[in-house]
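Colleague: So you can see what is in the structure, the chains are spelled out below.
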Amino acid sequence: MTRGRTHGVAVTRHVEALLTVETPGEGFTDLTREVAAFLAEAGADTGMAHLFCRHTSAALVIQENADPDVRTDLLTALRGLAPEGSGWVHDLEGPDDMPAHVRTMLTDSALAIPVRAGRLRLGTWQAIYLVEHRTRPHQREVVLCYCGSGAR
Amino acid sequence: MTRGRTHGVAVTRHVEALLTVETPGEGFTDLTREVAAFLAEAGADTGMAHLFCRHTSAALVIQENADPDVRTDLLTALRGLAPEGSGWVHDLEGPDDMPAHVRTMLTDSALAIPVRAGRLRLGTWQAIYLVEHRTRPHQREVVLCYCGSGAR
Amino acid sequence: MTRGRTHGVAVTRHVEALLTVETPGEGFTDLTREVAAFLAEAGADTGMAHLFCRHTSAALVIQENADPDVRTDLLTALRGLAPEGSGWVHDLEGPDDMPAHVRTMLTDSALAIPVRAGRLRLGTWQAIYLVEHRTRPHQREVVLCYCGSGAR
Numbered sequence: 001m002t003r004g005r006t007h008g009v010a011v012t013r014h015v016e017a018l019l020t021v022e023t024p025g026e027g028f029t030d031l032t033r034e035v036a037a038f039l040a041e042a043g044a045d046t047g048m049a050h051l052f053c054r055h056t057s058a059a060l061v062i063q064e065n066a067d068p069d070v071r072t073d074l075l076t077a078l079r080g081l082a083p084e085g086s087g088w089v090h091d092l093e094g095p096d097d098m099p100a101h102v103r104t105m106l107t108d109s110a111l112a113i114p115v116r117a118g119r120l121r122l123g124t125w126q127a128i129y130l131v132e133h134r135t136r137p138h139q140r141e142v143v144l145c146y147c148g149s150g151a152r
Numbered sequence: 001m002t003r004g005r006t007h008g009v010a011v012t013r014h015v016e017a018l019l020t021v022e023t024p025g026e027g028f029t030d031l032t033r034e035v036a037a038f039l040a041e042a043g044a045d046t047g048m049a050h051l052f053c054r055h056t057s058a059a060l061v062i063q064e065n066a067d068p069d070v071r072t073d074l075l076t077a078l079r080g081l082a083p084e085g086s087g088w089v090h091d092l093e094g095p096d097d098m099p100a101h102v103r104t105m106l107t108d109s110a111l112a113i114p115v116r117a118g119r120l121r122l123g124t125w126q127a128i129y130l131v132e133h134r135t136r137p138h139q140r141e142v143v144l145c146y147c148g149s150g151a152r
Numbered sequence: 001m002t003r004g005r006t007h008g009v010a011v012t013r014h015v016e017a018l019l020t021v022e023t024p025g026e027g028f029t030d031l032t033r034e035v036a037a038f039l040a041e042a043g044a045d046t047g048m049a050h051l052f053c054r055h056t057s058a059a060l061v062i063q064e065n066a067d068p069d070v071r072t073d074l075l076t077a078l079r080g081l082a083p084e085g086s087g088w089v090h091d092l093e094g095p096d097d098m099p100a101h102v103r104t105m106l107t108d109s110a111l112a113i114p115v116r117a118g119r120l121r122l123g124t125w126q127a128i129y130l131v132e133h134r135t136r137p138h139q140r141e142v143v144l145c146y147c148g149s150g151a152r
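Listed in order, the protein sequences are those of chains A, B and C. Sequential numbering of the first sequence, starting at 1, is according to full-length UniProt numbering. Sequential numbering of the second sequence, starting at 1, is according to full-length UniProt numbering. Sequential numbering of the third sequence, starting at 1, is according to full-length UniProt numbering.
I should point out that these hints are in silico values taken from the structure, not numbers from a laboratory. We treat Cβ as the ideally placed atom computed from N, Cα and C, and that holds for glycine. Wrong hints could be hidden among the right ones.
Partial chain A-side listing against chain B, Cβ under 7 Å, derived [as the list claims (entries may be wrong)]:
hint, residue
1, HIS7
2, VAL9
3, VAL11
4, VAL89
5, MET98
With beta-carbon atoms standing in for the labels, derived distance ranges [what the hints assert, rightly or not]:
hint, chain 1, residue 1, chain 2, residue 2, range
6, A, PRO95, C, PRO83, 21 to 29 Å
7, B, MET1, C, GLU141, 28 to 36 Å
8, A, THR2, C, SER86, 31 to 39 Å
9, B, GLY85, C, SER86, 17 to 25 Å
10, B, THR124, C, GLN139, 42 to 50 Å
11, C, THR20, A, GLY43, 14 to 22 Å
12, A, GLU84, C, ALA37, 44 to 52 Å
13, A, PRO137, C, ALA40, 45 to 53 Å
14, C, MET1, A, GLU84, 34 to 42 Å
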């Protein structure tokens, strides 16, 4: 294990904006470019980007952006881990609602990603996705925040 | 995808407090009101609230606060994903201990929620829960933090 | 539920460093000591430590550090939840790659842990682990950040 040089800056600002996303129904929407645009507008330099999904049947994940088959298989996995028609007690909002709550519990409501020189420090193959866990399209809200140096 | 107006403030303070929770045994305890009370006492304005659960057999989730059947089904799902009596090697602390560790891995040790004008930016149906994954009641500790403007 | 005394400090610095970890193949690497060393070098006092894993087939978890059987069982659980040979569409990078993506989705890309008086506020039995989800050894990068008071 090796640790690189420590880099420090003065924390000056917390900046936020609300992102509204129209999902296509069950599946992934890539938010990476929008988060980068927010950081540019915020004048971000070095700090943390935070994302928060304001829903209990949609969530956030960081996953591979190269082969779209990965996202297909991730949906298959989530369907297997929390299937429809498993005798859920909560079925007032349709057969896809309770599985969507379970899948939200297994994925993330919140993410935090380091930022340096204004850029997300994602790995080469990482992208930030909103996962719609319901079957039909929904309008979803994600709060974007930046805390660190250089922001205005 | 549309992004609302960017709102920025000067970051001034990090504030923390320790929350001690008596759980009823396996199940959910709503912490939302306590986190809001902490933010009020801290004089929080705009920033991030962080929660951290200091245990490996209890965890945090953000989930629906409307129909209690949702929590019943979430417990059923967790029992199915990490059942007792599955031949776990680690059984020194009772049959419910290793399933509780797996369920902790599938839920969250840490959560971060944006705060604006002193209020948690949760969605309409979101509440913050401590999930006790052990069968019997336990005393659990959750560290509450706020980082942002306006705190004292 | 009882809440202890509120403790506040001025936020002054965000500090970061890159940790490079050689994993032994599928399994856990304890990062706790390295994160503590980073906080010491950063001159951390009170704030938040953030970790971010720059990969989609390795992840972070906070788990029990006492009985190593717990980690054995956690791997067994992850293998059961996302098995090899389940007919995954994405198989270009070997049979262990798609299960590793699913296991990454079920564990964490990012963690945040409160720091007080320079020390991680982990519970008695908690350690911070990097989980290698691929079968073979890999070199992995974890970004370490601290945001709070006292840093230089």
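Colleague: Evaluate each hint against the coordinates.
Modeller: Hint check:
The criterion of a C-beta within 7 Å of any C-beta in chain B is not met by HIS7(A), whose closest approach is roughly 18 Å, and the hint is violated. A distance limit of 7 Å between C-beta atoms decides the matter here; for VAL9(A) the minimum to chain B is near 12 Å, and the interface restraint is violated. Proximity of VAL11(A) to chain B holds as hinted, the smallest CB-CB distance being about 5 Å (cut-off 7 Å). The restraint placing VAL89(A) at the interface with chain B holds, with a minimum CB-CB distance near 4 Å, inside the 7 Å limit.
Interface restraint check for MET98(A): the shortest CB-CB distance to chain B comes to about 5 Å, inside 7 Å, so the restraint holds. The hinted window of 21 to 29 Å between PRO95(A) and PRO83(C) holds, with their beta carbons roughly 26 Å apart. Remark: the range hint 28 to 36 Å for MET1(B) to GLU141(C) is upheld by a beta-carbon distance near 29 Å. Range check, THR2(A) to SER86(C): Cβ separation about 36 Å, and the 31 to 39 Å hint holds.
Distance hint for GLY85(B) and SER86(C): a CB-CB separation of about 24 Å, consistent with the stated range 17 to 25 Å. Evaluation of the 42 to 50 Å hint for THR124(B) and GLN139(C) yields a pass: the beta carbon distance comes to about 44 Å. At about 30 Å, the CB distance of THR20(C) to GLY43(A) disagrees with the hint of 14 to 22 Å. About 48 Å separates the C-beta atoms of GLU84(A) and ALA37(C), a value consistent with the hinted range of 44 to 52 Å.
Against the hinted window of 45 to 53 Å, the Cβ-Cβ separation of PRO137(A) and ALA40(C) comes to about 50 Å, which satisfies the hint. A hinted range of 34 to 42 Å for the beta carbons of MET1(C) and GLU84(A) is consistent with their spacing of about 36 Å.
Comparing the model with each numbered hint stated earlier shows that hints 1, 2 and 11 do not hold.
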